[in-house]
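Colleague: These protein sequence lines are chains A and B, in that order. Residue numbers for the first sequence follow the working numbering, so the first one is 1 and each next one is one higher. Residue numbers for the second sequence follow the working numbering, so the first one is 113 and each next one is one higher.
It is worth saying that the hints were derived from the structure and are not from the lab. Just so you know, not all the hints are guaranteed correct.
[To be verified] On the chain B side, residues computed to face chain A include the following (Cβ under 8 angstroms):
(1) GLY175
(2) TYR176
(3) LEU190
(4) ALA194
(5) PRO195
(6) GLY215
(7) TYR216
(8) THR217
(9) PHE218
(10) GLY219
(11) SER220
(12) LEU224
In this text, all values refer to a predicted model and were calculated from it rather than measured experimentally. Glycine is no exception: its CB is placed at the ideal position from the N, C-alpha and C atoms.
Each chain is listed here by its residues.
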Amino acid sequence: KQEVTQIPAALSVPEGENLVLNCSFTDSAIYNLQWFRQDPGKGLTSLLLIQSSQREQTSGRLNASLDKSSGRSTLYIAASQPGDSATYLCAVLVGSQGNLIFGKGTKLSVKP
Amino acid sequence: NAGVTQTPKFQVLKTGQSMTLQCAQDMNHNSMYWYRQDPGMGLRLIYYSASEGTTDKGEVPNGYNVSRLNKREFSLRLESAAPSQTSVYFCASSPNFGTGGYGYTFGSGTRLTVV
């Protein structure tokens, strides 16, 4: 059974720092990996989608990498800002069932 | 705005009451999903509809039923609500089922409390 783990569970950094969020998954048979952002009391906003054949995707200050063979992905946030404070969720698409399996998230707090 | 719309946004039910959560998407997606989000548990799939006219159970289907009314709409019904069903419910859609080229789009959620 596919399991997705996100480390750390919570992270607090001063504004301006570069930071890395980690995601690991137990079964490398995935179709894609998606990073989401969730603000308190809100829905999920898709940040980046990496297909299984890709190594990384970039959007603005965000860069996500995927190493399918080792079951790992990282989300790199450059020059963090207080507006980046949110919970970041990693999810993998398991092809046989079309089911998106989620990690429990990393709660990020960026202090001014 | 294009996307996934869920109604209602908030609901309080008494144990044993029934209700239907509504979801509609206007992106012409074939596949739709219902998830629930609980503290410490993450998001878990309740039911999904790979295409219009089909529905299948996910990880936690007990106590729920679904209807894919048409290509746009996918509803979730609680027949006899229980306190264990207190949760935040998210509807999502994707262009097609089980393919890697496209991501999921989520609605803003329904916060349900069963007392």
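Colleague: With reference to the structure, classify each hint as holding or not holding.
Modeller: Hint check results:
1. GLY175: violated, 19 angstroms
2. TYR176: violated, 16 angstroms
3. LEU190: Violated, about 20 angstroms.
4. ALA194: Constraint on ALA194/B not satisfied, violated at 23 angstroms.
5. PRO195: At 21 angstroms from the nearest chain A Cβ, PRO195/B fails the 8 angstroms test, so the hint is violated.
6. GLY215: GLY215/B check passes; min Cβ-Cβ to chain A is 4 angstroms, inside 8 angstroms.
7. TYR216: Hint holds; TYR216/B Cβ to chain A Cβ min 6 angstroms, cut 8 angstroms.
8. THR217: Hint on THR217/B: holds, closest Cβ of chain A at ~7 angstroms, below 8 angstroms.
9. PHE218: holds, 4 angstroms
10. GLY219: holds, 6 angstroms
11. SER220: holds, 4 angstroms
12. LEU224: violated, 14 angstroms
The structure is inconsistent with the numbered hints 1, 2, 3, 4, 5 and 12, although it conforms to all the rest.
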